[in-house]
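J.: One-letter residues, chain by chain:
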Amino acid sequence: MTPEMIADLKAIAPEIWLVGTLLVTLIADLVIGKRSQTTVGVLALLGVSGALWALMGAGPEAGPESGRAFGVLASDGFAGFFRTLIISAVGLVILHGMVFRELESATRNEFDPMLIGAALGACLLVSTDHLIMLVLAMEMLSLPSYVLAGWQKRERRSSEAALKYLVYGALASALMVFGFSVLYGVSGSVWMTDVGRAVATQWDTGSALVRSAIGMATVLVFAGFGFKIAAFPFHFWAPDVYEGSPTPVTTMLAVASKAAGFGVLVRFIDAVFLGETISADWLARFGWVMAVLSAVTMTYGNVTAVLQRNVKRLLAYSSIAHAGYLLMGVAAMVTLSGQESPINLGVQSLLFYMATYYFATIGAFGCAMALANRFGVETTDDYQGLGWSAPWTSSFFVIFLVSLTGLPPTVGFIGKFMLFKASLDAGLFWLAIVGALNAAVALFYYLKVVRALFLRGDREPVEGLVARGFMPLLAHASLLLFAVAVVYYGLMFDGLSAWVNSALL
Amino acid sequence: MDLLTLITFSPLVGVLAILFLPKNSKDAARTVAAAATFIPLVLATKMWMDFDTTTAAYQFVERVPWITSLGVDYHVGVDGLSVPLVWLTSLLLFLGVFASWKIEQGVKGYMMLLLLLEVGINGVFCSLDFFLFYVFWEIMLLPMYFLIGIWGGPRREYAAIKFFLYTLAGSVLMLLAIVGLYLAVDGRLESPFSIPELSALVSSGQLTGSNLVNEGVLFGWPFLKWVFVFLFIGFAIKVPVVPFHTWLPDAHVEAPTAISVILAGILLKLGTYGILRINLGMFPNVAPDFAFIGAMLGLIAIIYGACVAMAQTDFKRLVAYSSVSHMGYVLLGACAFTNEGLNGAAMQMFTHGTSSALLFLIVGVAYDRAHHREIDGFGGLAKLAPVYLGVTSIGMFAALGLPGMSGFVSEALVLFGAWQTYPVMASLAVLGIVITAAFILWTLQRVFLGPLNEKYDSENFPDVTGRELFTMIPLAFLCVLFGVVPGILLDILAPTMTQLTAALGGGG
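Residue numbers (our numbering), protein chains in the order written: chain A, 296 to 800; chain B, 40 to 547.
Since the hints were derived computationally from the structure, they do not count as laboratory data.
A couple of the hints might just be wrong.
[What the hints assert, rightly or not] So the derived label-pair ranges between C-beta atoms look like this:
no., chain 1, residue 1, chain 2, residue 2, range
1, A, S484, B, V103, 52 to 62 Å
2, B, F48, A, V761, 32 to 42 Å
3, B, F48, A, T334, 46 to 56 Å
4, A, V584, B, T537, 51 to 61 Å
5, B, G429, A, S690, 36 to 46 Å
6, A, F531, B, N250, 38 to 48 Å
7, A, Q634, B, L228, 36 to 46 Å
8, A, S454, B, V103, 53 to 63 Å
9, B, A67, A, S690, 48 to 58 Å
10, B, Y113, A, S690, 19 to 29 Å
11, B, Y113, A, W725, 29 to 39 Å
12, B, N250, A, S502, 38 to 48 Å
13, A, S690, B, V463, 20 to 30 Å
14, B, F77, A, W725, 44 to 54 Å
[Said to hold, decoys possible] Sample of chain A residues with no beta-carbon within 12 Å of chain B, all distances over it, derived:
no., residue
15, V587
16, G730
17, G759
[What the hints assert, rightly or not] Here chain A is said to cover these stretches of chain B; the calculated rule only asks that three of the stretch's residues, wherever they fall, bring their Cβ under 8 Å from a Cβ of chain A:
no., region
18, 168 to 179
19, 201 to 209
20, 248 to 257
21, 478 to 485
Quantities reported herein were computed from a predicted structural model and do not represent experimental measurements.
C-beta atoms are modelled at their ideal positions from N, C-alpha and C, and glycine is treated no differently.
Let's have the full structure, built from the sequences with the hints guiding it.
T.: In structure tokens form, the structure reads like this:
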């Protein structure tokens, strides 16, 4: 093997770990799956930890000299940032899924390989700037997700979720691939940077037909990305799928899948539309469209979340709203890209917000799972008074919801602060005001959960199912750790900023 | 760690201690809370003693870098405006623990939230960094939501969420203003959030926001005007100034007694503190544009609050609306831009803090015994509870501004100050005093005088207990003390207010 190949392999060591884990867990399931409920899960966890360890071990200097492995996988800090979020999120989902059982035990063991497969796809998706690789990675993420959504196959709503997800997903993929083919026609290349150069020149000099082709391709490609990030108007699948899927899957879709979607969206926009030669006219239009999408998405998500009683569904709509907030970062990134500045505040704020969203959302779904497992509760009506029976889990839940609202002293506040900073700097004053007022709306429905937990009910402790053993302890410890992290990073976020700044494109 | 850090964060030790107490240890939790609020009270007293009243500079300043990536410092310090308020906070929280002694459900949680609340309030008064200020400002919200929402009256859910939503809507606007200021500083300050340095930069006219918006004009208004208005709305909701006041009566009526005391005594002052410190102190070049509107809003609050209070049948609601009226004086005095007006405003913040807190304790005493708050449901209580009548009279006379009581001095100063700038408004404000006197005397009469209501006898309406007296006597004492020797308070306020008056270009 040449040194180049070894460097390439080192750069994708986390993915190799994931593939290895995938195979090991599949075989382990065949050999001992029937006898042991936990072995496969523990193996999967170990494998994911290995992948994370490989990722941490590989600094940016460890990557190949060209900056990309095997020509198609960028090994930059940006990819590292998203891969860390994705892999650790999937690890936590596996852990929570094991402990807070919601899955039919007979099929429990195939669940982990599926999750790992989706994680693999997501990791590839955020690394690549090659359109064909992008399509492959997108499908690699989507196909296991469809299966996972329908995991509880005897449950009607789970099957419905899977079918809905599949139909919408297939359509979105088809549109996206069609968009790519148009871009290929315009540029004659499948590399994002080449496409970007061609788009820039064609937009300035090309005929009306070419210009409209570029416009159409943009819309089509955004249908594909918009589907993954559940942005308005491509969000229709999200509430049903989030509610119908088992909660671990919902967490995966809301965090890992959404992170991957934003990762590829930002990389695509940066490479294709924000090249140095693109015209200011295009930037202004594009930034405006993104700002409008952002405002509509967050407002829609928040306003509809107000009406929900089912906690999973409430969190689903809230995650649409958060997609809107993240799009605020995209809008700022596009608008600011014309300015001379060492760092793009838009990208910075988006990455920061992604990290805060990751902590709070995994935590919130984890608490919902813990309560559901212990008391069999699902709606805010069922939650009444549980704060007095499960004070720790409920207090953590409050911390995560406060962070999602964006109040100090939690990290969610810093995320919102960064977003407002970026959008004000970009001159998007109205967007910042819409975002700020949305926080007040969001508070209202997050408080519905808090209110049910602590303000209502007869406040007498109820007996619930208490799981004992090492794994449940680990799962609860992870919730504690996240709650502490949410507050700690809310007060001391220099470390988080440094990490984000090392991950900028 | 220096004095202000200790004052602010010592209650956290109590939070941790209570967290690790065994489940049903109610008395232990109460005792720990009392001890944890006593420490800041002692330290704050020491601070008042050691405070140098000859200078307007910030004292007891501590400054360490906190978040280097944004240039945020942990920067605290106090001046004449904040010292009395920090002391009052520490006192009211200490008394609040005793006023909550009868709470039986979830004592541990209650006391922890109360202590967290104290951290937030004292933090706001001590902060000299805008970022830190905002963090403390928001830290107060969640404990307050739970304290009203869990331990409140029948409509507690509604009251708690209304309080939270109103305040949050204001504070997100404030956040936008802070971010806007930060961007407008554009690297010209090493600590872009430092309140003294920001004030200097803004007052010198160098900060216009022209790097953000074309020529510093946004939608037809100068950038700084927008910042000013956003901040003002955030603070005005907290005061509350009249169009934003509707959360207040609900929150007061539903909150448990101790929380009403803290709400009226301290939380409302945060709004006016913000207006004085930030709106006037930081934007002396913008504030004159809004002085008339501000004074007008103050006058409306005075008259409207007093009239609505007159119409109440619920004792607690009456006191709540009288707070709206009394906080109007602060705004009117502040917006007059005269030395008397500003001194009166700052003093009124303190005197209203003592008298309204006392009134809420008094309402609490009646409610604990009668389990209702209908003013007409009492009557003749003077016979049953003479000591109660005595304390109540002090609180009520202080509230109506009887000469010799603290409320008289501050309201008189406000009116003198306002007269120089807005004579018509000052004359109309006198009307507010008349209405206030009317409803307070009428209430006193309905509750204490006349024939004894047959429902009550010495069994079910005993006179005040020792614990209740312990919470009320210090406040009653302060009401009289600052009425007789207002100099104690005015001496400490004067240098800061003189400096503020000079910055605003006012006379007097």
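J.: If a hint holds in the structure, say so; if it doesn't, say that too.
T.: Structure-based check of each hint:
1. S484/A - V103/B: 52 to 62 Å: Cβ of S484/A to Cβ of V103/B: about 54 Å, so the range 52 to 62 Å holds.
2. F48/B - V761/A: 32 to 42 Å: 35 Å, holds
3. F48/B - T334/A: 46 to 56 Å: For T334/A against F48/B, whose Cβ atoms are near 48 Å apart, the range 46 to 56 Å holds.
4. V584/A - T537/B: 51 to 61 Å: Check passed, 55 Å falls within 51 to 61 Å.
5. G429/B - S690/A: 36 to 46 Å: Check passed, 44 Å falls within 36 to 46 Å.
6. F531/A - N250/B: 38 to 48 Å: Cβ of F531/A to Cβ of N250/B: about 42 Å, so the range 38 to 48 Å holds.
7. Q634/A - L228/B: 36 to 46 Å: Violated, since Q634/A and L228/B (Cβ atoms, about 21 Å apart) do not stay within the stated range.
8. S454/A - V103/B: 53 to 63 Å: Because 58 Å falls inside the window, the suggested range holds.
9. A67/B - S690/A: 48 to 58 Å: Distance hint for A67/B, S690/A is violated at roughly 20 Å.
10. Y113/B - S690/A: 19 to 29 Å: 26 Å, holds
11. Y113/B - W725/A: 29 to 39 Å: 34 Å, holds
12. N250/B - S502/A: 38 to 48 Å: Cβ of N250/B to Cβ of S502/A: about 40 Å, so the range 38 to 48 Å holds.
13. S690/A - V463/B: 20 to 30 Å: 54 Å, violated
14. F77/B - W725/A: 44 to 54 Å: Check passed, 50 Å falls within 44 to 54 Å.
15. V587: Nearest chain B Cβ is 19 Å from V587/A, so the label holds.
16. G730: Its Cβ does come within 12 Å of chain B, the nearest being 9 Å, so this is violated.
17. G759: 17 Å, holds
18. 168 to 179: holds (count 4)
19. 201 to 209: holds (count 4)
20. 248 to 257: Holds: 3 residues of the region 248 to 257 of chain B have a Cβ under 8 Å from chain A.
21. 478 to 485: Since 0 is below three, the answer is violated.
Hint violations for this structure: numbers 7, 9, 13, 16 and 21, all remaining hints satisfied.
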